[in-house]
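Given next are the chains, with one letter for each unit.
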Amino acid sequence: MIEFREVSKVFHTSKQNEVKAVNDVSLSVNEGEIFGVIGLSGAGKSTLLRLVNLLESPTYGEVLVNDKSISTLSPKELRQMRQKIGMIFQNFNLFNSRTVFGNVAYPLKIAKVPKQEIKKRVNELLSFVGLADKADQYPEQLSGGQKQRVGIARALATSPDILICDEATSALDPETTGEILNLLKKVNREFNVTILLITHEMNVIRTICNRVAVMENGEVIEEGSVYDIFTNPQERTTQKFISSVLNDHISSNLFKQLQASKKGRLYRVIFMGDATNQPVLSNIAKDYNVSVNIINGNISELQEALFGNLVVELQGNDNEIDQVVEELQKQVQVKEVTDHAG
Amino acid sequence: MQVDWNTFWPRIFEATGETLTMVLFTLLFSSVFGIALGLLLYVTREGNILENKVLFNILNVFINIIRPIPFIILLVALSPVTRVVVGTTIGTWAAIFPMTIAASFGIARIVENNLVSIDPGIIEAAKAMGASPVSIIFTVLIPEALGPLILGLTFISVALIDFSAMAGTVGGGGLGDLAMTYGYQRFDNSVMFVTVLLLIVLTQIAQFIGNYLARIFLRR
Ligand SMILES: Nc1ncnc2c1ncn2[C@@H]1O[C@H](COP(=O)(O)OP(=O)(O)O)[C@@H](O)[C@H]1O
Ligand SMILES: [Mg+2]
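Chains as they are written, first to last, in UniProt numbering: chain D, 1 to 342; chain B, 1 to 220.
Wrong hints could be hidden among the right ones.
Unchecked claim - Which chain B residues face chain D? A few, computed with CB under 10 Å, are given here:
#1 P10
#2 I12
#3 E14
#4 L59
#5 N60
#6 L74
#7 N113
#8 V116
#9 A125
#10 A128
#11 G130
#12 I137
#13 L146
#14 G147
Unchecked claim - So these bits of chain D aren't anywhere near chain B, every CB distance computed over 12 Å:
#15 N96
#16 S97
#17 A157
Just so you know, these hints were derived from the structure itself, not from any lab.
Think of the CB as a built atom: it goes at the ideal place given N, C-alpha and C, for glycine as much as any other residue.
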């Protein structure tokens with residue numbers, strides 16, 4: 001649906017200086033999925049997103065939307081294509097001079113839709129986002145969450161196939177973020193809109209994305225299904241993003257205490273799918289003379305599958321612990337924890 | 001010497017009409033030119049929707065040259081052009097021409113400043129929805145800048161009442177001219193008092209209308 005082929009974007013900030021905001025990125029976003037790009041501020045996410053509707057044009061490489069290279073479009077074709085790609089923004093970017101109704105009607109006016117139809121469509125959309133009673137209000141009278149709902153309704157007005165979201169929830173509080181993410185999920189399911197979003201919050205990725213790419217210094221450093229990335233992150237940056245939401249690391253103090261007490265060995269146990277519902281640890285503890293001390297852990301939902309992450313201390317003699325680990329590894333992932341960040 | 005108030009009141013009436021003619025027509029013409037010029041200046045600026053370095057620089061330098069010239073000098077300096085355009089250098093219409101020129105450049109800067117303060121994100125949103133540069137000008141830039149723009153035009157209207165007094169002295173007529181001829185040259189303070197009072201009233205009315213309209217568009 002959207003394909004980046006070896007795309008780079010270079011900004012010339014002055015005569016000598018240049019910034020490679022996007023560096024040789026190849027990615028493809030499939031029809032119907034919610035694809036997230038995560039990275040720290042300055043990683044090049046916004047620039048990457050803006051290449052999709054040619055708000056920025058690529059310096060090298062090409063961007064394909066629906067198998068069409070967008071750089072080859074005439075200005076008129078480009079405007080028509082943009083009507084099929086909705087966009088929402090961190091700061092909403094609503095027209096202050098227009099009411100909620102006027103904002104949602106705007107893209108339809110641009111697309112020269114007849115007035116009667118505009119009215120019907122706008123009312124439909126406002127009900128969909130839950131703002132039917134706010135049609136005559138101006139943006140300044142709305143809360144952040146309501147503004148983003150207007151933004152979403154406006155982006156959907158022309159029934160686009162694709163929705164691109166630039167930090168759509170970054171200006172919102174956690175509760176409102178949840179509501180907006182739910183709404184985006186609903187947009188994806190009910191209208192079969194493909195969503196490409198960028199964010200610096202792993203929580204957003206975990207909540208709604210199917211696949212994710214991690215960006216750093218303009219490059220995509222890791223990519224995969226959200227489930228795989230969460231359960232088996234390869235890059236340091238990815239691991240940091242994941243710990244930011246899983247809160248799965250024991251503090252260095254606690255680690256030192258446990259080491260000093262020398263009672264047992266620390267392991268990280270990762271449960272996925274069915275294993276989450278089984279009493280794996282207690283079954284094994286029964287079979288061997290090893291006791292299990294749970295230090296830290298949580299179970300979260302990822303892509304409708306459960307995902308558990310425990311740090312346990314196995315106490316017993318070394319030989320038996322090794323056997324337990326071996327036995328456990330048949331069912332779940334087990335890694336010895338050797339430092340507090342492990 | 002004393003004025004004959006019986007003939008003076010019709011004269012005041014006439015002069016008020018001349019002042020209003022000068023101010024309103026100048027406002028009309030200079031709004032059209034000034035807004036067009038201001039928009040052109042804004043959209044051709046680097047990074048904006050119709051970026052054009054050459055045009056921008058020409059306009060920018062031109063405005064910077066015309067703007068600092070004191071109006072009274074511009075009035076005289078433009079008189080050959082005024083003769084060509086209007087056909088004469090005397091009378092209300094001959095005053096409107098230089099006033100329009102001076103006000104247009106002032107309005108252009110005001111318009112440009114108002115446009116610069118629009119959040120670029122809003123313009124980008126319109127672009128992302130497939131709006132063409134021309135429709136962005138008419139459906140985003142003008143409506144978004146309208147409130148402050150009306151305040152700017154109000155400011156210009158008040159300045160135009162001032163300009164009209166100066167333009168009057170070169171044959172434009174109007175209240176300023178009346179105050180000068182009766183009050184200054186004939187030392188009649190009562191006439192000066194009446195005309196000054198009228199000028200104050202006109203200024204207040206202009207300010208009131210402007211504030212009222214701006215309030216509607218700014219919704220505060
Ligand atoms: N229009 C621009 N001109 C110059 N540099 C830019 C421009 N846009 C972005 N950059 C630079 O490109 C890099 C990536 O920016 P951006 O894509 O906004 O990152 P992110 O959205 O991940 O925070 C930054 O170093 C930024 O300063
Ligand atoms: Mg950004």
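Taking the hints in turn, this is what the structure says about them:
1. P10: Violated, about 46 Å.
2. I12: Because about 42 Å separates B/I12 from the closest Cβ in chain D, which is outside the 10 Å limit, the hint is violated.
3. E14: violated (41 Å)
4. L59: Violated, about 24 Å.
5. N60: violated (21 Å)
6. L74: Nearest chain D Cβ about 35 Å off; hint violated.
7. N113: violated (17 Å)
8. V116: With a minimum Cβ separation of about 15 Å from chain D (threshold 10 Å), the hint on B/V116 is violated.
9. A125: Where the cut-off is 10 Å and the nearest Cβ of chain D is about 4 Å from B/A125, the hint holds.
10. A128: B/A128 check passes; min Cβ-Cβ to chain D is 4 Å, inside 10 Å.
11. G130: holds (4 Å)
12. I137: The hint is violated - B/I137 has no Cβ within 10 Å of chain D, the shortest such distance being about 13 Å.
13. L146: With a minimum Cβ separation of about 7 Å from chain D (threshold 10 Å), the hint on B/L146 holds.
14. G147: Interface hint status for B/G147: holds (8 Å vs cutoff 10 Å).
15. N96: Given a closest Cβ separation of 6 Å, the condition is violated.
16. S97: violated (4 Å)
17. A157: violated (8 Å)
Violated hints for the displayed structure, listed by number in ascending order: 1, 2, 3, 4, 5, 6, 7, 8, 12, 15, 16 and 17.
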